Amino acid sequence: MTSFTCDESVSLCEGNMMEVCGSTDSCLREFGCEQSLLSRPDGSASFVQGDTSVLAGVYGPAEVKVSKEIYDRATLEVLVQPKVGLPTVKERSQEQCVRETCEASLLLTLHPRSSLTLVLQVLHDDGSLLSCSLNAACMALMDAGLPMSCLFCGVTCAIDADGRIITDPTAAQEKESRALLTFAVDSTERKVLMSSTRGSFSVHELQQCIAVSQKASEKIFQFYRDSVRRRYSKTL
Amino acid sequence: MRRRRSRRRVNACEAGFPNSVEMFSRLKNKVGEVLLPGDEFCFDTDDTISLTESVKAEKVVCGPGLRRSGDRLVVCKSGVLRHKQPNVFWMDAQQKRYVPAKGETVIGIVTTKSGDVFKVDFGGSEQASLSYLAFEGATKRNRPNVQVGDLVFAQFLIANKDMEPELVCIDGSGRANGMGVFGAGGLLFMVSLGLVRRLLAPGSEIMSDLSQLFPCELVVGMNGRLWVKASSIQRTLIVSNLLQSCENMTATQRRELFKRVAQGAL
Amino acid sequence: MAAGFKTAEPLEYHRSFLKENCRSDGRELSEFRTTTLNIGSISTSDGSALVKIGNTTVICGIKAELANPTVESPGKGYMVPNVDLPPLCSSRFQAGPPGEQAQAASQFIVDVIESSEMIQTEDLCIERGKLCWVLYCDLMCLDYDGNVLDACIIALLAALKNTQLPEVKINTETCLPEVTSEKKHRLKIYRHPVGASFGIFDDSILIIDPTAEEEILLTAQLTVVTDEEGRLCSVHKPGGTSLSGEKLQECITRATTRQKEIQKLIDKVIESVKTAQ
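Chains as they are written, first to last, in our numbering: chain A, 2 to 237; chain B, 19 to 284; chain C, 591 to 867.
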């Protein structure tokens, strides 16, 4: 009996893990993603970008509290848990960004009067945290099998003192940067769903960053596809 | 081994596209491939219609995970595109949360008894109602013996996003047809919805492998709940563990495991 | 008739106006509501301002306190902005701890202050490592009718321009700070960030300065903050439907002109306060 329960856990570990992107010309750090790694949530995913790592779990469509019920669509709640301590105002603002991005891509009207809960646990922050959270959220929502009109991904760009644009910066690069811009890009039209910025920058720099993010998003979406394909490889 | 097989009906939307012959072939080309939400099937409007081939107005029937938006067909769930003759397409997704669909059979737990209806938890976003008259042979006088906490195998009579789901334990002709309250004993456990569909698929390999091991009673609910009863508790546990471990195994891994169990590794 | 239509089908109601390129309150799509500004409204605070954009009213009071500088930056003072959306301002807010919107707004104001570098926190330092000023900037919404972020930024900027800090010296013998209330100096404002908020209606129509009614129906919101040099301090779009590059450019152009208008307004009000004294 024990022998095959053991087997199972081994196959789970190697089952959905995959890593790509040897970060040479792509300027993105090494990516990693594992789907449905938690047993309790309806959908779960961990997303790793370099040393930044976020774990996401989705519950739903589940029963909704009467006070939060919306008659024509599902209620989406996003909770961001920091690595240490309790959530602060910064986490609240991240929650708002992730929630509204998810709301735009999910087809919430297909599950009226129900609740969706997305919990994001930060495992380690080494820069580009918001974009990593967005990516983890997207993979978890996909894993939960919730109907979505399109996918989305997050890309962070840092502009350093010389005006160079660094995509997917580390915490050290973020600290040295003059401005930091995070965008969420959708998979169908490659348009900007979400934008959150820090520091001051010119209009030209903004447009450059958007263009760079759109380009980087191609790679991320390809990574999503490979990662999901890998997951379904056993049932093909 | 007795198996209660539920007839599966997909919540289908028919999409009669103006140029559906082409749509059909495009979909057909992608069958068995992994698709992601946002992937589209659309056609060029200025396509020339061939005069030699006869153009039939074929309809494409879209199952779960495919949506029609304007003149395009959009994928809304990640998974594998499946096809059933003649023209049914759907996305096969590995999902854990159950969303009710009309006609599907599920295993539910009776949670409350209120007046004429029972409330049944089936793992969805709200509880379903089950009338006490919806059992074989039940009348106003002759009430079925159902207690809170009992398991029921029932079929959805009403299941749509805007109404409370309703279960019944009889088929169209008033027969139980395998449905009703479960007897004592047995073990209830959960698996993914993808595995349930694989188990229920006609000529399922897992089922045929399992039936060669030893006799057991197995009830498969479309909501991911399985109920097993074998001659002894140990055997019941073996079956449940085997099924749960099938989730992430390839066919060869599974056969290997089943062989070891059959040889009496336990 | 119209009132009933508005209650039953708010989306259709607004759509029928937008079809004619105007809005239910008679504005054009790219027209702000009348913005009024009152500076120095709270006499007990160190600096204050009241802003009205249409019905939306935000009051900002600044309280300066003496404190020890933080260990990480001994040569700097600091600012603590806080946005409050009390139940008074709208039925959508409940009493108790601040909701998500209020917290997100507070974080947004923090980000704008940092990004724009409107104030150099070194100016708030009195003695390195020992004493500095803390500016508590409390922003309270009195009437919520949409576009609270724009109102908050204007109120904060005007209140900071109004702030006067007394001179403080540390007595060398007793090592205690001595405040000379008669000698006051104004805070130096380096940059003047002003925001402009936009809403996207039905995934495509861009409207400016949405009211509370419109906000509920919007599919996305966007706030662009620019300073007098035309640099962007924040492009805040928390989510919602996507926005094309051309539309974004349109928003930025509108935000730059808005910044000029508001800066002129602030200067005018400050001037009138001076002459009145």
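Since the hints were derived computationally from the structure, they do not count as laboratory data.
This structure is a prediction, so every number in the text was calculated from the model and none was measured.
A few of these clues could be false.
What the hints assert, rightly or not - No more than 25 Å apart at the CA atoms, straight line, and that leaves these computed lysine to any residue pairs for SDA-like:
hint : chain 1 : residue 1 : chain 2 : residue 2
1    : C       : Lys850    : C       : Val863
2    : C       : Lys751    : C       : Ser771
3    : A       : Lys84     : C       : Glu662
4    : C       : Lys653    : C       : Val724
5    : A       : Lys69     : C       : Pro687
6    : A       : Lys192    : B       : Gly56
7    : A       : Lys91     : C       : Gly651
8    : A       : Lys69     : C       : Leu601
9    : C       : Lys837    : A       : Tyr60
10   : A       : Lys176    : C       : Pro687
11   : A       : Lys91     : A       : Tyr60
12   : A       : Lys220    : B       : Lys179
13   : A       : Lys176    : C       : Ser663
14   : A       : Lys69     : C       : Ala802
15   : A       : Lys66     : B       : Lys48
16   : B       : Lys179    : C       : Gly830
17   : A       : Lys192    : C       : Val724
18   : C       : Lys854    : C       : Ser663
19   : A       : Lys84     : C       : Arg605
20   : A       : Lys235    : B       : Leu260
21   : A       : Lys176    : C       : Gly651
Evaluation of the provided hints:
{"no.": "1", "hint": "C:Lys850 <-> C:Val863", "result": "holds (20 Å)"}
{"no.": "2", "hint": "C:Lys751 <-> C:Ser771", "result": "holds (19 Å)"}
{"no.": "3", "hint": "A:Lys84 <-> C:Glu662", "result": "holds (21 Å)"}
{"no.": "4", "hint": "C:Lys653 <-> C:Val724", "result": "holds (8 Å)"}
{"no.": "5", "hint": "A:Lys69 <-> C:Pro687", "result": "holds (17 Å)"}
{"no.": "6", "hint": "A:Lys192 <-> B:Gly56", "result": "holds (13 Å)"}
{"no.": "7", "hint": "A:Lys91 <-> C:Gly651", "result": "holds (23 Å)"}
{"no.": "8", "hint": "A:Lys69 <-> C:Leu601", "result": "holds (21 Å)"}
{"no.": "9", "hint": "C:Lys837 <-> A:Tyr60", "result": "violated (36 Å)"}
{"no.": "10", "hint": "A:Lys176 <-> C:Pro687", "result": "violated (32 Å)"}
{"no.": "11", "hint": "A:Lys91 <-> A:Tyr60", "result": "holds (24 Å)"}
{"no.": "12", "hint": "A:Lys220 <-> B:Lys179", "result": "violated (36 Å)"}
{"no.": "13", "hint": "A:Lys176 <-> C:Ser663", "result": "holds (15 Å)"}
{"no.": "14", "hint": "A:Lys69 <-> C:Ala802", "result": "holds (20 Å)"}
{"no.": "15", "hint": "A:Lys66 <-> B:Lys48", "result": "violated (41 Å)"}
{"no.": "16", "hint": "B:Lys179 <-> C:Gly830", "result": "holds (24 Å)"}
{"no.": "17", "hint": "A:Lys192 <-> C:Val724", "result": "violated (41 Å)"}
{"no.": "18", "hint": "C:Lys854 <-> C:Ser663", "result": "violated (35 Å)"}
{"no.": "19", "hint": "A:Lys84 <-> C:Arg605", "result": "violated (45 Å)"}
{"no.": "20", "hint": "A:Lys235 <-> B:Leu260", "result": "holds (17 Å)"}
{"no.": "21", "hint": "A:Lys176 <-> C:Gly651", "result": "violated (32 Å)"}
The structure is inconsistent with the numbered hints 9, 10, 12, 15, 17, 18, 19 and 21, although it conforms to all the rest.
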